[in-house]
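Undergrad: Given next are the chains, with one letter for each unit.
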Amino acid sequence: MPASSIKSIVSLVKGCVETSPNLEIALESNPSSLSIEKLQQFKADGSINRLSIGIQSFQDSRLKFLGRDHSSENALQSLLDAYKVFNSDRDTVSCDLMFGIPGQSETEWIRELNWLFDNINDSSHWNALKHMSLYQLTYEPGTPLWRIAVKSSIADFNPLKTSDVTAAMYEAAVALLHTRTNLRHYEVSNYAMPGHESVHNMAYWKGWDYIGVGPGAHGRYSDDAKSERIKTMKFVKLDAYIQQCKSIDANGTQIRKKMYDNVAIMKELIVVGLRVKQGICFENANNLAFGADVRQVVNWDAVERFRKLKLLASDDKKSFLQPTERGLAVIDSILLDLLL
Amino acid sequence: MKFIVRVLRVGESRTHIDHGKSTLADRLLEATDTTETISTTASGGGNKANQRVLDKLAVEKSRGITVKAQTASMFYTHPVSKITYLLNLIDTPGHVDFSYEVSRSLSACQGTLLLVDACQGVQAQTVANFFLAFSENLAIVPVLNKIDLPASDPQKVLRQLETAFDIDSSANVLQVSAKTGLGVPALLERVISDIPPPQSPVSKTEPFKALLFDTWYDSYVGVVCLVAVHSGQIRKGDRITSHHTKLSYDVISLGIMHPEQTATPSLSAGQVGFLHLGMKTTRDANIGDTFYAATTSPPPTPFPGFKPAKSMVFAGAYPIDASEFPKMQDAIDRLTLNDASVSVARESSTALGQGFRLGFLGTLHMDVFRQRLEEEHDSTVINTAPSASYQVAYKDERKVQGMEWNENFGRNVKIIRNPADFPEPDELGNVEAFYEPIVVGTLITPVEYVGGLMELCGTHRGEQLEYTTIDENRVLLKYKLPMSEILTDFYDTLKSRTQGYATFDYEESGYARSDLVKVNLLLNGHRVDALATIVHRAAAERVAKTWVKRLKGVVERQLVEIVIQGQVDGKIVSRESVSALRKDVTAKLYGGDVTRKMKLLEKQKAGKKRMKAVAGGIQLPQEAFLSLINGVEDSGDSSGGKKKK
Ligand SMILES: Nc1nc2c(ncn2[C@@H]2O[C@H](COP(=O)(O)OP(=O)(O)OP(=O)(O)O)[C@@H](O)[C@H]2O)c(=O)[nH]1
Ligand SMILES: [Mg+2]
Chain R
1 MPASSIKSIV SLVKGCVETS PNLEIALESN PSSLSIEKLQ QFKADGSINR
51 LSIGIQSFQD SRLKFLGRDH SSENALQSLL DAYKVFNSDR DTVSCDLMFG
101 IPGQSETEWI RELNWLFDNI NDSSHWNALK HMSLYQLTYE PGTPLWRIAV
151 KSSIADFNPL KTSDVTAAMY EAAVALLHTR TNLRHYEVSN YAMPGHESVH
201 NMAYWKGWDY IGVGPGAHGR YSDDAKSERI KTMKFVKLDA YIQQCKSIDA
251 NGTQIRKKMY DNVAIMKELI VVGLRVKQGI CFENANNLAF GADVRQVVNW
301 DAVERFRKLK LLASDDKKSF LQPTERGLAV IDSILLDLLL
Chain P
1 MKFIVRVLRV GESRTHIDHG KSTLADRLLE ATDTTETIST TASGGGNKAN
51 QRVLDKLAVE KSRGITVKAQ TASMFYTHPV SKITYLLNLI DTPGHVDFSY
101 EVSRSLSACQ GTLLLVDACQ GVQAQTVANF FLAFSENLAI VPVLNKIDLP
151 ASDPQKVLRQ LETAFDIDSS ANVLQVSAKT GLGVPALLER VISDIPPPQS
201 PVSKTEPFKA LLFDTWYDSY VGVVCLVAVH SGQIRKGDRI TSHHTKLSYD
251 VISLGIMHPE QTATPSLSAG QVGFLHLGMK TTRDANIGDT FYAATTSPPP
301 TPFPGFKPAK SMVFAGAYPI DASEFPKMQD AIDRLTLNDA SVSVARESST
351 ALGQGFRLGF LGTLHMDVFR QRLEEEHDST VINTAPSASY QVAYKDERKV
401 QGMEWNENFG RNVKIIRNPA DFPEPDELGN VEAFYEPIVV GTLITPVEYV
451 GGLMELCGTH RGEQLEYTTI DENRVLLKYK LPMSEILTDF YDTLKSRTQG
501 YATFDYEESG YARSDLVKVN LLLNGHRVDA LATIVHRAAA ERVAKTWVKR
551 LKGVVERQLV EIVIQGQVDG KIVSRESVSA LRKDVTAKLY GGDVTRKMKL
601 LEKQKAGKKR MKAVAGGIQL PQEAFLSLIN GVEDSGDSSG GKKKK
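So the sequence lines, in the order shown, correspond to chains R and P.
All residue numbers for the first sequence refer to the UniProt record's numbering, where the first residue is 1 and numbers rise by one.
All residue numbers for the second sequence refer to the UniProt record's numbering, where the first residue is 1 and numbers rise by one.
If you're looking for bench data, these hints aren't it; they were derived computationally from the structure.
A quick note: this is a predicted structure, and the numbers were derived from the prediction, not measured.
Warning: the hint list may mix true and false statements.
Unchecked claim - Pairs of lysine to any residue, SDA-like flavour, derived with a Cα cap of 25 Å:
(1) R:K206 - P:T595
(2) R:K277 - P:S343
(3) R:K318 - R:A203
(4) P:K236 - P:S193
(5) P:K280 - P:S343
(6) P:K597 - R:A313
(7) P:K599 - R:R147
(8) P:K588 - R:Y210
(9) P:K597 - R:E325
(10) P:K588 - R:L339
(11) P:K480 - P:Q499
(12) R:K308 - P:A613
(13) P:K605 - R:A313
(14) P:K545 - P:V475
(15) P:K599 - R:A292
(16) R:K310 - P:M611
(17) R:K277 - R:V303
(18) P:K597 - R:F290
Stated by the list, open to error - So these bits of chain P aren't anywhere near chain R, every CB distance computed over 10 Å:
(19) P150
(20) E432
(21) T595
Think of the CB as a built atom: it goes at the ideal place given N, C-alpha and C, for glycine as much as any other residue.
This is chain P alone, in the form it adopts within the complex:
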């Protein structure tokens, strides 16, 4: 294909979850003939119109949210000038838990479409994220979406944009419907006029240099690298070097995402495309790495790379069957290749054996990662309840192993990411102070729910920082909250108390001293390390009681009576029991029934593989560990999910 080498990238960037980014991406791909156009106005086209081709993962399809930024290249011919442009589109997630995907994508963008739902208006995420794009010096094109809906109120939202972001409402803000495609041609013209081409596109004759900004594992070709070419050109067979590993590779094949991998003869400065390099291990691919022509001498200055993601919540991940540990290691290696925001460390548990402590950006991120491990890598995982990362300062540091220097406190602390590492009762005397992470949460809510939300924040140890009326019926609240408080049912309660109208976003805000204790759960008198949690002293008894009840709810009757106890500071504070199974036997088993019985047994045995034996043979279902934090009803889809109540 012939096209004018003027390359643009469109970052379709962070707006609130659900505002229609992925749907708009569908329309853009269709308008540029990248994908086949599907009639969206015809009444029958409803389903297909909502296919969101860039939400490629099973988890994105099933949850209806984007969790992974996806790139697509499209060719666009301007209706007036007849010039053909190559546009690179990146569809990004809207949920705060996947913000790492966004910040990564911004490095490959010149501009961003700020999509705002014309019915819902400005949301907590819109506020937080507008300023991020702004600070990156990107061209921002505000767009109102969903104007096909009768409930949309563009005028009101324009006024909100003006108050919140100082965007001049008279500046002809585009109004589109991602569903029907209305306004999409005008939007494409606006992209060409408002978003500049990449800064100083360097000529093809310069040596090749590119930024590695995404990777994934493909079971046929192995590691696939997605690069943004900064200078020069690359062809099949060229030899390139990784700055990070110093390893060199011959390019096996390359091309653009159109929207699937489509081979091209070359990639040149300004383009985004994929490379197959035949990397031996996933460890050789490092997001943020610089690739350059192997012949370049001296090697060029590398790109600054990406700031590592800062994990907010930690949870243990264990294979159900101990023998599957190596397989799980593989699965995690491959998945973290595609999600560099997960931190991984090995750990072991008396109850669960060998496993990992994984760090996530939030609980939705954790849920999605676990689901991807199962769906994409066939690895069934026991996920323990998430925990924040706590810090402990000791009076006599010599008695303690693994102290780390903490810049902010100006002293050594021990970091606790796993409740199992919490000081034992006999060590508590040596503890000088516990510290817990704090966040500043932004809530935007219709005014009638303010009371309920203030109460919610109150019971979660929140401290109000701000109360702003943003328009006649909406209020913005800012609260200081302990991180651990928003890991539980906070988000779900917030959604249910406000019929789904309130939105919540947060950012970390250091550590504060806190009176922490550990709650242990005991099964038939045995402490199960993987069922412990760290909480504020004031909540300890309540947590010990609810957790014991919740565990009772998920434990099936077994051959022995199971006594479940909650323990705080070595004292039992709650108790429930599950009586022993009295009868489980087939009434009739004669000649003709045997074959069926054997088949049934094999089936039941297979079902039992999702059970984990702990504390003297008591079997807990895979979900038991995680269900503690959210209650039984919520276990498949814990906090942060897209639940419309």
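If we strip away everything but chain R, and leave its shape as in the complex, we get:
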């Protein structure tokens, strides 16, 4: 996408709504589509101040497995270029990496991270290291990746379950980033320097409203007058989406709505809220649920049990609920017992 398009979208949005002075405008990109000039245009014309680069791996063999068209060499170059261009205090460059790729060992993974940090350090961009996303490779049944994974029958590999090997990779990365960088683990797969957390992603996890534009995009908005929260989903098929955009009464975007019932709203707030280290502040959450008490969907006996196991933190007033570092790693299992 050329920077000029970004520019016109940004100015259109700014013309419609009032925006805050520290507005985050984020762009996701592949390393292969980035050059210094492009980066500069994004920053200058597009007023982009957050850039996430989907690098995935710095090992060529792993990139090949993942079907990426970039090399580790140009990935590193793009990242360092981005650091160079997005160098102001309010700029953030993030780098997405993956672990748990078949064949990858914990040693290789940690060596990869250290190698990256060494390079950032050696090129004197250490202060630009403000955000990272480290994802465990997940397999969706039915995808080509799933089939490859099943066929490759790697030892200790079960696409359905997290093995001890991937658990060790996750834990090792948490520990390494904690000791070696200034980044804080703030969500399951995300690490940031304080103040550089991804604002738009936090919106999902905190249960705020968001508008999704484009085919397949999702949105949530609250109708406070009716105490209703509305889900929007756009056509996934491009043709149908274009048709819809052209018709006038559909207002160009929205195609399907689903009302939530209140219990669903509350459960969703818990599920997304416990993915962040900060956890859930029930005062805020109750506001988002139109004043209902979100605590009613929580099994507090289970909370008590998880508190004793040091997997969750809370206070006796039940004003907040927070996963501990260990709790975060197993939050899906916790949620099964936690939600009523």
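Dock chain P with the ligands against chain R, hints included.
TA: Okay, now just chain P with the ligands, sitting in the frame of chain R:
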């Protein structure tokens, strides 16, 4: 339909499991136009030919065995005399665990077809059961089945019949194929000539009197009663009285099983049919009860009723979700209506809450009952490991609650059907003796496997009573065995060691003194009462070790480390652990993923409903309790099932 009132009943009685009773029933129903004939000789008809219409239960279809006796009425016109007869057929189970069904059915029979597989010959069950039918004074029509198979050897089997039962092989024993229908017309003629009509059929003008010999629950009409009419006649709207409850009912509808419920204007002496009486509760229907015309005065002498079944094995049954206890009570009430051989008592467990202690005739019976609860009544049950019923004699009886008089020992004993009731370590000093139930097992095996079976019985504390060669290559063994020994993997091992060729049957044979101990399992230091078992001291450590290993095999990793320990006499003798789950979290969850995640969560939560939290939140799968006794691989289908190896 017009027919000569000469009524016969055919009990197609106890032969060995799999000899083809239900398949033959299909052919008989077809030959009498009760069901549509399906081409069995055509190569494509294979599947349908094997439909076994009288195996009506889902469990019978899935396991391929009959567990419930089923009745069907058929009209048969003799080809020569052109007289039409009403025949009542009862297809009975072959497996020893369902023998109660057979003994019940015999009361409504005048004759029995003794079906013997012409390939396999006389089996352990054939021996045991021939004499039962014989003792009931029933006409016995021996029939060789499966003669279509190339491997069949009718001559050899005829010789076996002669040696075993003194059946004259020259007496023109019928040879049929239940699969192809070969010989079935001749069999029907033989039924008419060899099986007598009911003794002194009493005239229609006599007052109505009938034996209630089966009941079941139908979700539309409620309790359905199956009766054998002894005298008189009954019509819709007639008023009848139950001898047992003294309650009276107006007959809402009635008819015969043809093979499904088919309304008829009346039922008369000699007929078997169903009645809808609008009974309020399942408790009002009692197998063996006598119904009579409400106007009969004085009330007639009732039928003697049925001997209650004697439970051999006991197991706890608990709802997974404690709130489902009332629903489970309902399900059990309805199912025991159809299976009176199950004994039911309430019990409670610290680990599992409110539940029941159910008594069964064997472990296959137990498995089938649990499966029926799930399939027919949507009630998911935690089944604890089965246990025999033990007895304890005490030195000072005053210290003990719940003693019962034991006729055979001539003293008071305490009966223990649940390992939780076993004396605690501090009470053991007061125990004078433990007694365990003993069975006499009959094994028939090809001679080459005798060594293996003798060893098997040896390791199961068996004591040989008899060794008979029944023909050039088969041997009959009789062993005295503790009941508890055959509750475990005994039957499966027997089948696997003999490639499925050996057969086993047993009958109870009193109690014997024994050195018993209780094995406890502990989860993270908490004793779980529902996981305990009672064993002979010599086996205690081995059991404690294998059970701990097996439990480890079925417990999934959870949020805490789980330490599993086996304890005998208060001493820990085995230990395994399951390490805590380290990571279980979705890597990416952004806007578009939330809906899917919520759906997945609901699905997983539903899956968790089959888990039971015990001892401080440790979750055990429903099968965990039962898998202990048979090992993990065997849990769906424990001992006694029809497994062909
Ligand atoms: N080839 C052949 N197979 C037969 C014949 N009769 C029965 N079978 C097969 O033998 C198996 C057992 O038949 P069933 O009719 O279920 O036997 P059953 O005696 O009712 O068994 P239980 O009710 O469990 O005691 C089935 O697979 C039948 O298809 C026969 O005449 N010839
Ligand atoms: Mg059968």
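Undergrad: Decide, hint by hint, whether the structure agrees.
TA: Here is how each hint holds up against the structure:
1. R:K206 - P:T595: It holds: about 15 Å lies between the C-alpha atoms, which stays within 25 Å.
2. R:K277 - P:S343: violated, 55 Å
3. R:K318 - R:A203: Given that 25 Å is the threshold and the Cα spacing comes to 23 Å, the pair holds.
4. P:K236 - P:S193: violated, 34 Å
5. P:K280 - P:S343: holds, 22 Å
6. P:K597 - R:A313: Holds, because 23 Å separates the two Cα atoms, which is no more than 25 Å.
7. P:K599 - R:R147: holds, 24 Å
8. P:K588 - R:Y210: holds, 18 Å
9. P:K597 - R:E325: holds, 21 Å
10. P:K588 - R:L339: holds, 20 Å
11. P:K480 - P:Q499: Within the cut-off at roughly 23 Å; holds.
12. R:K308 - P:A613: Answer holds: K308 (chain R) to A613 (chain P) is near 17 Å, not above 25 Å.
13. P:K605 - R:A313: holds, 23 Å
14. P:K545 - P:V475: violated, 36 Å
15. P:K599 - R:A292: holds, 22 Å
16. R:K310 - P:M611: holds, 23 Å
17. R:K277 - R:V303: holds, 16 Å
18. P:K597 - R:F290: Holds, at about 23 Å.
19. P150: Correct as stated: the minimum Cβ-Cβ distance to chain R is 44 Å, above 10 Å.
20. E432: Fine: 45 Å to the nearest Cβ keeps E432 (chain P) off the interface.
21. T595: violated, 7 Å
Violated hints, listed in ascending order, are 2, 4, 14, 21; each of the other numbered hints is respected by the structure.
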